[in-house]
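Chains as they are written, first to last, in the working numbering: chain A, 30 to 140; chain B, -10 to 104.
Think of the hints as simulated: they come from the structure by calculation, not from any bench.
Even glycine gets a Cβ: it sits at the ideal position worked out from N, Cα and C.
Please note that the accuracy of each hint is not assured.
[Said to hold, decoys possible] Output of the computed footprint for chain B on chain A, the stretches with three or more beta carbons under 8 Å from beta carbons of chain B:
id : region
1  : 62 to 73
2  : 76 to 89
3  : 128 to 139
So you can see what is in the structure, the chains are spelled out below.
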Amino acid sequence: ETGVTQSPTHLIKTRGQQVTLRCSSQSGHNTVSWYQQALGQGPQFIFQYYREEENGRGNFPPRFSGLQFPNYSSELNVNALELDDSALYLCATGALSYEQYFGPGTRLTVT
Amino acid sequence: AQSVTQPDIHITVSEGASLELRCNYSYGATPYLFWYVQSPGQGLQLLLKYFSGDTLVQGIKGFEAEFKRSQSSFNLRKPSVHWSDAAEYFCAVGSMNTGFQKLVFGTGTRLLVSP
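Modelling step: build the complete structure from the supplied sequences, incorporating the hints.
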């Protein structure tokens, strides 16, 4: 158990819609990173938040955005959903080090 | 740019046999290296990590990995595989960028364990 939880477990959305995924970590983990894992692939880095500010982003468009809250929870928002956004979304939390603890993920299906 | 290659997509090992999963990385500086395991429908569990020091690192569940700088490799090994080890294994390199860190993953190796 990593102490990192994600909700919901599964989600089905229609192309063009917007979605919000949630992550909650344990106390002391002041960074949160989000990764997208397409079927049969390794996770791809979306962005990282530290002290409620985005401090790094991978190769993802601006319609992927996030929030980090003082209570160690965070959100990933995706606007204008596309079919290729169907994936497992993983959050990982840590304390500004390479020790990152992953949640179980949210499986998003876009139809 | 940093990258990780896991050349084996699938590996089948008999229960009780030894296991070696290959990982090669590309990174300009001293890498931070990781192995994660993912069971079906689950998140990632850290098996072991290399930051510095002894190049043979021990992890959980009886796994170990050896960092070889000359070969840019970080192969995962286990002397005797159990049926419960069947899962997807990911090698990753930690990439230090200005102000943030990210993990760059390989495409994974699926381990099948036969009776």
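Quick rundown of the hints versus the structure:
Three residues within the 8 Å Cβ limit are the bar, and the region 62 to 73 of chain A against chain B gives 7, so the coverage statement holds. For the region 76 to 89 of chain A, the proposed coverage by chain B is satisfied: 5 residues have a C-beta within less than 8 Å of a C-beta in that chain, meeting the threshold of three. For the region 128 to 139 of chain A, the assignment as covered by chain B holds, since 8 residues bring a beta-carbon within under 8 Å of that chain's beta-carbons and 3 suffice.
In this structure, every one of the numbered hints holds.
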